[in-house]
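Protein chains: 2
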Amino acid sequence: MNFNLEEVLATLTKAKSNVKRRLEDLARIGRDPKGGVTRLAYSQEENFAFDYIKRVGISYGLIAKEDPVGNLYLELPGSPSEDLVIIGSHLDTVPQGGMFDGTVGVICSLEIAKILSQAKLKRKLVIAAFRGEESSRFKISLIGSSIATGQLNPNMLEAKDSKGVKLKDAIRSCGFDPDRLREAVLPLKKIRAYLEYHIEQGPVLEAYGCPVGVVTAIAAPVRYKVSFSGEWAHSGATPMNLRKDALVAAADFVLTVRAICARRGDVVGTVGDLQIPGGSINKVPGEVVLYLDVRGVDLSERERTVQEIFELTRKKAESYSVSMNFMKIEEKFPQKLSNQIIKFLERACDLTNVEYLLMPSGASHDALSFSKVGVPTGMLFCQSKGGISHSPREFSQLDHILAGARALLVATYMLTTASHYS
Amino acid sequence: MNFNLEEVLATLTKAKSNVKRRLEDLARIGRDPKGGVTRLAYSQEENFAFDYIKRVGISYGLIAKEDPVGNLYLELPGSPSEDLVIIGSHLDTVPQGGMFDGTVGVICSLEIAKILSQAKLKRKLVIAAFRGEESSRFKISLIGSSIATGQLNPNMLEAKDSKGVKLKDAIRSCGFDPDRLREAVLPLKKIRAYLEYHIEQGPVLEAYGCPVGVVTAIAAPVRYKVSFSGEWAHSGATPMNLRKDALVAAADFVLTVRAICARRGDVVGTVGDLQIPGGSINKVPGEVVLYLDVRGVDLSERERTVQEIFELTRKKAESYSVSMNFMKIEEKFPQKLSNQIIKFLERACDLTNVEYLLMPSGASHDALSFSKVGVPTGMLFCQSKGGISHSPREFSQLDHILAGARALLVATYMLTTASHYS
Numbered sequence: 240m241n242f243n244l245e246e247v248l249a250t251l252t253k254a255k256s257n258v259k260r261r262l263e264d265l266a267r268i269g270r271d272p273k274g275g276v277t278r279l280a281y282s283q284e285e286n287f288a289f290d291y292i293k294r295v296g297i298s299y300g301l302i303a304k305e306d307p308v309g310n311l312y313l314e315l316p317g318s319p320s321e322d323l324v325i326i327g328s329h330l331d332t333v334p335q336g337g338m339f340d341g342t343v344g345v346i347c348s349l350e351i352a353k354i355l356s357q358a359k360l361k362r363k364l365v366i367a368a369f370r371g372e373e374s375s376r377f378k379i380s381l382i383g384s385s386i387a388t389g390q391l392n393p394n395m396l397e398a399k400d401s402k403g404v405k406l407k408d409a410i411r412s413c414g415f416d417p418d419r420l421r422e423a424v425l426p427l428k429k430i431r432a433y434l435e436y437h438i439e440q441g442p443v444l445e446a447y448g449c450p451v452g453v454v455t456a457i458a459a460p461v462r463y464k465v466s467f468s469g470e471w472a473h474s475g476a477t478p479m480n481l482r483k484d485a486l487v488a489a490a491d492f493v494l495t496v497r498a499i500c501a502r503r504g505d506v507v508g509t510v511g512d513l514q515i516p517g518g519s520i521n522k523v524p525g526e527v528v529l530y531l532d533v534r535g536v537d538l539s540e541r542e543r544t545v546q547e548i549f550e551l552t553r554k555k556a557e558s559y560s561v562s563m564n565f566m567k568i569e570e571k572f573p574q575k576l577s578n579q580i581i582k583f584l585e586r587a588c589d590l591t592n593v594e595y596l597l598m599p600s601g602a603s604h605d606a607l608s609f610s611k612v613g614v615p616t617g618m619l620f621c622q623s624k625g626g627i628s629h630s631p632r633e634f635s636q637l638d639h640i641l642a643g644a645r646a647l648l649v650a651t652y653m654l655t656t657a658s659h660y661s
Numbered sequence: 240m241n242f243n244l245e246e247v248l249a250t251l252t253k254a255k256s257n258v259k260r261r262l263e264d265l266a267r268i269g270r271d272p273k274g275g276v277t278r279l280a281y282s283q284e285e286n287f288a289f290d291y292i293k294r295v296g297i298s299y300g301l302i303a304k305e306d307p308v309g310n311l312y313l314e315l316p317g318s319p320s321e322d323l324v325i326i327g328s329h330l331d332t333v334p335q336g337g338m339f340d341g342t343v344g345v346i347c348s349l350e351i352a353k354i355l356s357q358a359k360l361k362r363k364l365v366i367a368a369f370r371g372e373e374s375s376r377f378k379i380s381l382i383g384s385s386i387a388t389g390q391l392n393p394n395m396l397e398a399k400d401s402k403g404v405k406l407k408d409a410i411r412s413c414g415f416d417p418d419r420l421r422e423a424v425l426p427l428k429k430i431r432a433y434l435e436y437h438i439e440q441g442p443v444l445e446a447y448g449c450p451v452g453v454v455t456a457i458a459a460p461v462r463y464k465v466s467f468s469g470e471w472a473h474s475g476a477t478p479m480n481l482r483k484d485a486l487v488a489a490a491d492f493v494l495t496v497r498a499i500c501a502r503r504g505d506v507v508g509t510v511g512d513l514q515i516p517g518g519s520i521n522k523v524p525g526e527v528v529l530y531l532d533v534r535g536v537d538l539s540e541r542e543r544t545v546q547e548i549f550e551l552t553r554k555k556a557e558s559y560s561v562s563m564n565f566m567k568i569e570e571k572f573p574q575k576l577s578n579q580i581i582k583f584l585e586r587a588c589d590l591t592n593v594e595y596l597l598m599p600s601g602a603s604h605d606a607l608s609f610s611k612v613g614v615p616t617g618m619l620f621c622q623s624k625g626g627i628s629h630s631p632r633e634f635s636q637l638d639h640i641l642a643g644a645r646a647l648l649v650a651t652y653m654l655t656t657a658s659h660y661s
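Here the protein sequences come in this chain order: X and P.
This note's numbering puts the first residue of the first sequence at 240, with every later residue one more than the last.
This note's numbering puts the first residue of the second sequence at 240, with every later residue one more than the last.
Note that these hints are calculated values from the structure, not bench results.
Mixed in with the good hints, there may be bad ones.
Each pair may be met inside one copy or between any two copies, as identical chains are not told apart.
[As the list claims (entries may be wrong)] Listed next, the in silico DSS-like pairs over lysine-lysine satisfying Cα-Cα at most 25 Å (straight line):
#, residue 1, residue 2
1, 582, 428
2, 464, 483
3, 483, 624
4, 359, 293
5, 571, 405
6, 483, 554
7, 483, 273
8, 464, 273
9, 567, 555
So that you can see chain X by itself, here it is in the shape it has in the complex (with noise of 0.2 Å):
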């Protein structure tokens, strides 16, 4: 077919229907009885789910390859080039998450595959689905599409879950193989581009009444677990003034992060879990575990943040008699993304009338893998209503998923096919 653009849109229009029952089909893998999904990295529902995309990928005409880490790619055949345009997202989820996190990305990605299998392209264009992108399970991000560009070390595949069990194992469970990373990654230098469609999860398009953002860089967390010891003591027999009480620092420490956080416009810092081993009502609390995710898309604000942050708590820690240790789990670089492919996407926004903002993005996306290792990276954003996200009540309207599938599809068909791009 000729790319006539109002076609094509009439055609993804139609598709919309399809859009909503993935969606809904995707919600019932790993539905938790608490409320929300729970599909975690390398989980028997996290496999269901790349089961069903397969599946439909298959069934829309596309060759399915899985990776010896279970990323899945669903090429469009017949390609006359070696060239890669690759557009996709992940399919895991964090504990009791919502259902449009991830999920968004790769089945767009898919109905705007079905409609381009119909189109001369120049270009050999592949849908992605990466694994494990929430650290929830691992405290590790973006597993997948790390492994994919080669950029994962192969000690954090010794990375343990709650109940023990590592990283490398689970990958086995799965029935792939940790042991055959190398064989995972893409040819990186003939991907000539990666697109990424997710909802916002913040509270900004909301804010602004945009549907969509064009996302100009990624910020990128900065991780530690804190562990606090002070002396566990029978909670009736002990005065208040010879404690040493964990959980006292601990809290210190939470409100700290807080406030400092508050006071900086571009950083923003979470204490998302923390843990009392042995903890029990009749005890002063004597050791306790938190996690620190500390995000910037400035590299040095973030520096100042942490390193504020660590000083401060560890002088009222030892007001309590309590003694700090931390320990960087992570590390990831903000990026800035491609100002071409941001002009692709602007421009494919404008063809189809769709309203957008230019905006940073506060979470970490399988994005920021790609633009690392220089591949040219571009991101749209749709609206998350009430910001919300990691949440059983996270919510994206369909007519907003919509418009940002249809700036998705047109900035495909360009970069798949515009002589001029390189």
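Fit chain P to the known structure of chain X by using the hints.
Just chain P, lined up with the frame of chain X:
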């Protein structure tokens, strides 16, 4: 035998190695690979500890009786009277607790019974070991002694542990019958005295350089489950000022409890457990649950403290857009102990040249159950090193343990023989 004080005390001194060995034997039952002893209420480990003490008692010529909920009574045979003097304590521990808490009282009482089995007593001497004194498992303390004194509300049997096991089912799984609570109630009017010997679990005796304390009153806890509800959100994409972070509100609660209690002399307040169900390093916490324990010897001061805590923390939670709910899960009332028994214990210390301190107990004990129903009740403490308890580092010197045992022996003899005591 006639009661020759010096002879009897010499016999007890010879029993020192018994005391040491039995403490070590019990410390092996439920030894926790992570350190300390974990012997929870109505666990297999608690059962084994009871079996051990029962065998020792029988080998000492005592008559073993178990009530329908597993409390163990070891009676001196051949008593001429139905009037009872009970001495004892408990055998369960907190998770990773110490090897002296509870066990010191039961083990020393057994040695005393063995010695007094040679004496002519006017009243029946019974050694008691109560079930489930610690609240760690079911968030209810003094389970066995509350039942034995007819004070356990049958609704309490529905309380669940962290795995969802109900107290009544745990009792059943140990081979006992929670439907026969009434048969477990002791003939309270016949109990002439209840004496309990226990480690201090606090730092006061060490600070005063005293091996032994004679307890004047028992502080008692009121306990609350406190829930914070905010909004789960993505830790990267949610600006600080738009968060409803339940952990921030909970952290402020922890610090507020400390600040309020630190400026009150006689009240202590502890958050001993805190959980973020579904917490994850990449989520702003939307739900937090914590447990508050407030204790004092003066009821009205304790109540004022609790009121102040909740008034202040509710306002603070609102300032974080987090709602706070609290539920009273347990309330015990502080008790002054029997003046008459205190006099006996002081006299016993004097006769045996044991230095003692008159002091309140910050911790609650099975003695509280007896005092509440009007049984003349007394307690002795021995020094805890560093005031540390409910910890693998809990320690009491054998010499201090024996000092208290001497006083207990003499007081028990006086209470079981004195004709003028009624």
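Hint check:
| no. | hint | verdict |
| --- | --- | --- |
| 1 | 582 x 428 | within (21 Å within a copy, 90 Å between copies) |
| 2 | 464 x 483 | both (20 Å within a copy, 23 Å between copies) |
| 3 | 483 x 624 | between (44 Å within a copy, 15 Å between copies) |
| 4 | 359 x 293 | within (23 Å within a copy, 87 Å between copies) |
| 5 | 571 x 405 | within (21 Å within a copy, 46 Å between copies) |
| 6 | 483 x 554 | within (14 Å within a copy, 27 Å between copies) |
| 7 | 483 x 273 | between (36 Å within a copy, 20 Å between copies) |
| 8 | 464 x 273 | between (27 Å within a copy, 20 Å between copies) |
| 9 | 567 x 555 | within (20 Å within a copy, 32 Å between copies) |
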